[in-house]
Each structure stands twice: as structure tokens, then as C-alpha cells.
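Mind docking these for me? Both chains are given alone in their own frames, and the hints should help you get the complex.
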Amino acid sequence: MASDVVTPPPSKPSPETPSTTTATPTVDPPPSTTPVTITPRPPEPEADVIHIPSYSRWFSWNGIHECEARFVPEFFDGRSTSKNPRVYKYYRNAIIKRFRENPTRKITFTEVRKTIVGDVGSIRRVFDFLEAWGLINYTGGSTAKQPQLKWEDKETKAAAAAQGGDSTDVTVAKKRFCSGCKTPCSIACFASDKHDMTLCARCYVRGNYRVGLNSTDFKRVEISEEAKTDWTDKETLQLLEAIMHYGDDWKKVAEHVGGRSVKECVARFIKLPVGEQFDGPPESTELDIELGVKNEANPTKRARLSPLADASNPILAQAAFLSTLVGVDVAEVAARAAVTALSDLGDEKHQESSKAPPSITKLLESDNASNVNNLDSTEEALVEAKLQLEKEEDELEKAISGITAEANEIEDKIVHFEEFDLQMERKLQQLQQLQNLLYFDQLTLLFHKTAAPKVVENTGEAMKSE
Amino acid sequence: MKSHAAWGTSKNAVKFRIPTADNLVPIRLDIEIDGQRFRDAFIWNPSDPDSEIVVFAKRTVKDLKLPPAFITQIAQSIQTQLTEFRSYEGQDMYTGEKVVPIKLDLRVNHTLIKDHFLWDLNNFESDPEEFAKTFCKDMDIEDPEVGPAIAIAIREQLYE
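Keeping their order, the protein sequence lines are chains A and B.
For the first sequence, position 304 (counting from the first letter as 1) is numbered 304 according to the UniProt record's numbering, and the numbering increases by one without interruption.
For the second sequence, position 44 (counting from the first letter as 1) is numbered 44 according to the UniProt record's numbering, and the numbering increases by one without interruption.
Mixed in with the good hints, there may be bad ones.
Covered by chain A, per the in silico footprint, the following chain B stretches (three or more residues, Cβ under 8 Å) [said to hold, decoys possible]:
#1 41–49
#2 77–88
#3 103–115
#4 141–147
List time: in silico SDA-like cross-link candidates among lysine to any residue, alpha-carbon distance up to 25 Å [to be verified]:
#5 A:Lys413 / A:Leu428
#6 B:Lys65 / A:Glu101
#7 B:Lys103 / B:Arg39
#8 A:Lys114 / B:Ile33
#9 A:Lys114 / B:Ile113
#10 B:Lys133 / A:Asn62
#11 A:Lys252 / A:Leu237
#12 B:Lys65 / A:Val456
FYI, nobody ran anything at the bench for these hints, they're computed from the structure.
Virtual Cβ for every residue (Gly too), placed ideally from N, Cα, C.
If we strip away everything but chain B, and leave its shape as in the complex, we get (with noise of 0.2 Å):
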């Protein structure tokens, strides 16, 4: 699954994969059953077996006390999901010169994230968990949470 060059160059097309280090896609889930409403999101490793996807969604329903019909729900939408990046995985990928633009405008329980930078399409070393940590420790951000949902955001921009 990971390309054969770290570095794509402008010409080279690269077998479609997250442009980070580590091939991990995000997911988010936004399910609603019987007026219940549980929305998600993290990241997932894709080499995990498919196994793990219902083992992932009963520790959460059992954790979180939800009804257990949320199981099917949560492991159907994880698998669509992932069944979605694995179809773009055998389809070549056109890495020009990519420098994006990242937004981050979110929201993680009381804080507010606004933010606006470039990042480098073609480098595969990128990291945004690394990117996620380092922004928490240097905004002096309490909230855990936000760690998270800053890499998922990221990698969500970063899979378009």
C-alpha cells in the first residue's frame, strides 16, 4: 500500500494513497437511531483486520451505553467508508506540485479552532498526528480532545 517513492515528483503518478507517513484514513460516523444521535470521528489504519471493525464498534457501544442496534450501524458505515478508500486504491494518483491550503475551523467541546496554513501534498513524511501534538503543546490547549480532531481534520482535506 505505500508508494514506491517517498517523493512523488511533479510527473510521476503514485498508486492513490493518504499523502502522510503513515497510510491511515480518517473516518466519521453520524448515526441516528431511534432519536439517539452519536457522531464521531478518528482515524484508521486500513491494514487493520476487518475484524477489528466490529470488535471497534461493540467496545464503543458498550463503553458509551448505547443500544446495541448502533453495533450494525457503526460497523456498516466504518466499512462503507473504508471500502470507498480502498476503491480509489488501485487508481493512480497525480501528485503535481501540490501545495494546498489547509482550513481547520472546528469546534471540540469549548474550544474554538481557527486556522489557515499550506502543507505539502507531495511529502510523504508528513505527519498529522505530529502536526496535532505539536499545535496542542504550543497553544497550551487543556482539552485533549482537540489533539484528535485536528489530525482527523487535516486528513480528511489531505484525502480529498
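In isolation and in its complexed conformation, chain A is listed as follows (with noise of 0.2 Å):
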């Protein structure tokens, strides 16, 4: 039978932070010094040797884990008679045989499920942990197992505890796709070499890798347009002309760059530092007058830019890409916490609240040396977002208090609208009334011509008679 390539005595991984709850594990890679990672080799199927990640190194044919407790509590907690451990066993061992079978082929929960005697729920969880954790199905590969995690809205990666980071370098190739939404990598990338994977900024902020990984596990790469190709200064004029003519046409100005798509020239654009700063070769001084013209041309264009979208500094500019992925609420409080989290170490000037760069930075596992660097640079943004925060507040208030005054209004209305209906029923009412006592006298009238001319046939007769 095949044996497995498993460091002995299972050693605890390190505790669960406690605000699990799901069965969807948030791994904790077991801290090791060294990347204890049995790299994944496409398995040989004449091989005894089966892999699995160092994560999952506590597993044993014989003994259930106390993460296997954790994550498929069902079987453990006595609610159910015939939800034992021993039953748990038997599904786990069964399922993993029955993939050791075929190891280079994942299997499918469908077989499995019809070959185990139970109930399929039950069946089905064991399958997803023991998945999750690559005690099956486990080829190293890069396929995500998209669907199921958006099933099972798995969001939780992007906050994990920072361990150490991978310590091997990453080769930056020219084209990177991203192994998750299968798009090209642009910007910036995160690299997993581990697990031989390549995800976009998009992907990895919202989670979307295989379960069994960690965001520590991969390892920022920017790859900006300059690292395919440079832009050189002439094209960059070129930009900023056709930027002036043309506005907001993209089309137009990829045209008049020439060689470039509209995506490059956009992204070259955002990433073109303000008019000031633009030092270089003597053609600078042109071009600081164009970009000043521009600049005043679009102020609108920069405003709407995030102030973070300065990019002479690359950390920045990943900064304002995450942060307007993630939204002004989040980016806050991520911020504030990673602001104490620099407090403490050792920096005293970021008492201040609130801002994305400090936040994104750390989450970007960047060293305290490059912190304490680009610390002066954030504190200008920080002024600079603050600003706009508060715009934005006021602008907010003022609409809120608009509503409200609009809402008062109506209300008046209303209750004018009431006292006037009242008072037309009223009228009603009393217009019936005068009808009736009309009918009622032309009623009486009548009456009385009728009763008097015979009054007066009876008197005549009575007179004749008489």
C-alpha cells in the first residue's frame, strides 16, 4: 500500500484564533523556520509516495486530530448516536483509500459518496475537509475549486495572522495569468510558490484561492508597465498630448500613442506623478508646462483619481488599488488597527486615525525598514485623505439635513390636505342636508295642493249638501 510521505508524531499547529465557526477552515500553517513544504512533484503513479501539504502533516490512519474535532464537530459531540468518531473514521479512511487508489486522479465526492454507507451530508462534509486540508485531491496543482468556494462564500484569507512569509524568490515572468479569474495579471500580482500559483490583486484581496492556502503564502509582485515595457519619455508626451486633445476618449489617445492599448495608456496615466515632482531629462520643463496645463485642464479627472493614486511609490499604488477595492468603511478600520500596530512598533508619530497606505502596507508583509521609509510620504497622504473624508462627510450631512427639511415639508402638506378634506366633507354634509329639506317642502307642498282643492270639494259639498 502506499506510504506516505508524513513527518511523524503529529505536531499541534499553532491555535485557531477563535472567530471560526464555519467548516471552512482558516489554516494556520504550522510555524516552522524553515518552509518544511513537501513541494508538490506531479506525483508517478508507480510511486509508493503520496504528498500532502505540511499542514496537514498531524494525520494518521489510527487517531483523529483535534482539527478534524474542530472542523466536523457533528461527529463529535454526542448529539447523534450514529455520529461517532468511529463512524467519522471510517468515512475519512474510507475516502482517502479510495483516492490513494488513483492518486493522479482527483476524485469526485459523487463516487465516493456512492460507494460509503451512510448519509451523504454527513459524507459530504468529511469530503470537503479532508479536501480542504489536501489530504485528497491533492496535486499541487493551480486549480481553484472556484465553485465550491463560491458556494460556501469563503472570504476569510485576506485577514489571517501574518506568519512568516515565504522566503523564496519569485521570478517575474513577462505574462502572468491569474490562476483564479484567468485573467492577465496587470498591476501588481501575488505569486504562491509554494503552490505554484498566480493570483491578480483582485483575487487575492477577495480570497478566491484554494482553501487550503494562506494569504502568507504568497508573496506581492508588482509588475507595472514599465517591466514589460518601458514608457519611454516620447510616448509619455505623446500620452499627455492626446490625453489634452482628446479628454476622456481612450480609444483616441491609445491611437495617438500608438503601440499601446487603452489599458496601458490609462494605467501609465494614473501612475504619471503630479506636474511638480516630474523630474528628468531637459524635455522635462515642456512637459511640466503640458502637465500643468492638463492638471488645471482636468482637475476633475485627478479629484476623482484617489489622492493615493500617486504612484511614484509603488507600495502607494497598490495601496490605492486595494483601497478602492475595499471600500472606504473597511480600508478605515483596517487602518486604524494596522496605525496602532506601527505604534507600538516604536513609531509615535501615527497616533492619528484612520487611513488606507499604513493599513494596506502592512498587510502587504513589507519589512519595518521600508515602513519607516515610506512613513514620511504617508503622512502627506494621510493629511490629503483625511481631507477628503471629512469633504465627503459634510457633503453627506448637508444632503441628510436637505432630506430632512424636504420630509417636514411634505409633512405640512399633508396635514393641510387633511383639514381641507374635513372641511369639504363637512360642506357635504350640510348641502345634503339642505337637499333633503327641500324635497321635504316641495313634498308638503304638494300635499297641500293636492289636499285642498279636495278641502274645497268637501266643503262645497258639505256647503251643497247643507
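Structural data, given as C-alpha cells:
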């Protein structure tokens, strides 16, 4: 039978953060100084060696580990007589055995559940657990089980505790494709050599990768346009000219620049530093003027870009991108947390609240050293961003007060209308009464008319008779 | 959902449930869409949340590479059978002296199972799963799909 490349006695992984409640594992890889990754080679069918990830080394055929009890608690809480650890072990071992009969092939849940005696719900949960921990279907491939992720709403990875990152260097390939969403990566991406995966920033932030991975497994790789093909000054000049002429029509701009796609133009434009800071070759003065003019002409454009779009610092660019993805509130909170953490590291300057850049830099696992360097520029950005936020708050307040005023007016009007309504009703009633009286009068008149001649007749007759 | 008494005596009325140690429902699927036929049978835990049904349906369709039209059909079928089961649940079930004969007559892949034995309905500790497992082990049955099929067959008859 196949023997495992499993390091002996199960070393307990560091304790989980108590916030995990669902059966989806947010994995803490066991703290290891050297990345003891059992690197996945393409498994050869004849070999007796099965690969499993290092964070699953606790597994043993005969025992049940505490994380199993945690992730599939239904078998261990004694609620159900049929769900006991023995049954769990039976399911688990059966599933793993079946997988290992043919380790090159990913085993599907349906195959497994057809062969195991038991109720399919529990079997599915055990199966998911095993797959998540790489004990089955672990080929170290880059195929992320996306449908599964979507169904079960696993969005936890971005907040996982930061542990020692990988020490492996990442080679920057020419073209990088995200293995999560299958789009080409541009601005920045995240690579994990451990699992041979590449993710674009979007997927990384959303946690849209295989469940067994941790955000710390990924190292950020900056791919700016400069890496692929550098923008020469001439091209930049063309770009700026085109923007001046065509404004928002990026298609024409791209045409004008020649050789650059729309996206590249836009990205480059965003990355262009503010006019004053643009130092360079002697053409810079012209460029300065152009930039100055352009900046005045398109103040709204700059304002629309976030104040952090100034990408002379690549980390800030990343911050801008991520902060747009994440949203103001989350960024605020994250920034606050990160700021306090930063201050703990011995930097007293940043006691103020809430900005995106420090938080994102923290998340990006930049060294403390580089942090110190960035702090000056982040200070400026801090102030800018603060102003922006205040402005937005003011606008919100104004809008709200406007709305309340209108609501009050509408209320008054309604009250008035109600009064009118009442009056109209009263008048209607009065009119009806008058109508009734009139009718009555008419009746009596008729009555008298008909009665009177009779009376006359009667009296006439009476007189005659007399 | 579990009965109060594990043992129902001859006079006791007990809330309806499958008379086994665990209250699991046998589900049978037989769906045909566009000429494609899908037959399946398995055991379901009715205390699983209903969200589980759709998840299971999607998973099955994906694993077997069926056209997605099957997902709703499968989910509906499961749902109907579950509701049917639950509709019986409120009612009482008389468990008299009930030793019933169970007949197994099924074909799984290439294995033919024919058997006839008695089963005590009163004994709520009984476990068709265990029976199936022991059966397969004792008879040295290679095909692992036989076990679940036996368990399902037994449950269905007990359900009746």
C-alpha cells in the first residue's frame, strides 16, 4: 500500500483564532522556521509516495486529531448516536483510501458517496474537510475549486494572521495570468511558489483561491507597465498630448500614442506623478508645462482618482488599488488597526486615525525598515485623505439635512390637505341636509296642493249638502 | 425527532420516524431530461438544512458532468421526498409486534443480491448501515457500491 511522506508524530498546529465558526478552515500552517513544504512534484503512478501539504502532517490512519474534531464537530459532540468518531474514522479512511488508489486523478464526491454506507450530508462534509486540508485531491495544482468557494462563501483569507512569509524569491515572468480568475495580471499580482499559483490582486484580496492556502503564502510581485515595456518619454509625451486633445476618449488616446492598448495608457496616466515632481531629462520643462496645463484642465479627473494614486511609490499604488477594492469603511478600520500596530513598533508619530496606506502596507508584509521610509510620504497622503473624508462627510450631512427639511415640508402639506378634506366633507353634509329639507318642502307643498282642492270640494259638497 | 422511548412496546404510539438508530431517509432519484436519464439512490439526513439540498444537487451535477438543467430537478425531487417524509412525522406510528420480513433483490453493477430475512421494527437501535457493512464484509463483496444499496433498500422497506 502507499506509504505517506508524512513526518511522524503530529505536531500541533498553532491554536486557531477563536473567531472561526464555520466548517471552512482558515488554515494556520504550523509555525516553521524553514518552509518545510513538501513540494508537489507531479506524482508518478508507480511511486509509493503520496504528497500532502505540510499543514496536514497531523494525519494518521488510526488517530483523530483535534482539528478534525473542530472542523467536523457533528461526529464528536454526541448529539447523534450514529455520528460518532468511529463512524467518522470509517468515512475518512474510506475516502482517503479510495483516493490513493489512484492519486493522479482527482476523486469526486459523487464517486465516494456512492461507495460509502452513510448519509450523504455527513459524507460530503468529511469529503470537503479532507479536500480542503489537502489529504485528498492534492496534486498541488493551480486549479482552484472556484464553484465550491463561491457556494460556501469563503472570504476569510485576507484577514489571516501574518506569519513568516515565504523566503523564496519570485521570478517575474513576462506574462502572468491569474490562476483564480484567468485574467492577465497587470498592476500587481501575488505569487505563491509553494503551490505554484499566481493571483491577481483582486483574487488575492477576495480570497478567491484554493481553500488550503493562506494569504501569507503569497508574495507580492509588482508588475507595472515599466516591467513589461518601459514607457519612453516620447511615449509619455504623446500620451499627454493625446489626453489634452481627446480628454476622456481613451480609444483615440491609445491610437495617438501608438503601440499601447487603452488599458496601458490609462494605467500609465494614473501612474504619472504630479507635474511638480516630475524630474527628468531636459524635456521635462515642456512636460511640466504640459502637465500643469493638463492638470488644470482636468482637475476633476485628478480629483476622481483617489488622492493616493500618485504612484511614485509602488506601495502606494498598491494601496490605492486595494483601497478602491475594499471600500472606505473597511479601509478605515483596517488602517486604524494597522496604525496602532505600527505605533507599537516604536513609531509615535502615527497616533491619528484611519488611513488606507499604512494598513495596506502592513498587509503587504513590507519590512519595518521600508515602512519607516514610507512613513513620510504616507503622512502627506494621510492628510490629503483625511481632508477628502471630511469633505465627503460634510456633503453627506448636508444631503441628509436637506432630505429631512423636505420631509418636514411634505408632512405639513399633508396635514393641510387633511384639514381641507374635513372641511369639504362638512360642506357636503350640509348641502345634503339642505337638499333633504328642500325635498321635504316640495313634498309638503304638493301635499297641500292636492289636499287643498279636496278640502275645497269637501267644503263645497258640505255646503251643497247643507 | 427522536422518539421518547427507544423501545416501543406493543401498545405505545410513537411519533413517526424511521425505526432505526438514526433517523435517515432513503431518497431515490429518477430523472430524465432530453433523453438523458439519471438514476440514483442514497441516504439523506432530514435534519440537514435545506440549503444542503441545492449544494448536493450542484455537486452531483458537476461531478457527473450532467447538464445544469438537472440541478433544479434533482433538488426538487429530493425536496419532495423530504417533505413527504416530514409530513408523516407529526403523526403517530403504532409499533406493534413488528417483525417484518425484508426482501433484498437488487442488482448493483455486476453483483446480484437476493436475500430474505426478518427484521424487528420495534428495535430502534437497529442500524441498516451496520448491517450492510457487515453483509459486504462477510460475503467478501468487492464492489463497494453494494453496501449503500443494501442500506437504502432496507430503509425503504422500513419506511413502508
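Kindly indicate which numbered hints from before are broken by the structure, ordering the numbers from low to high.
2, 3 and 12
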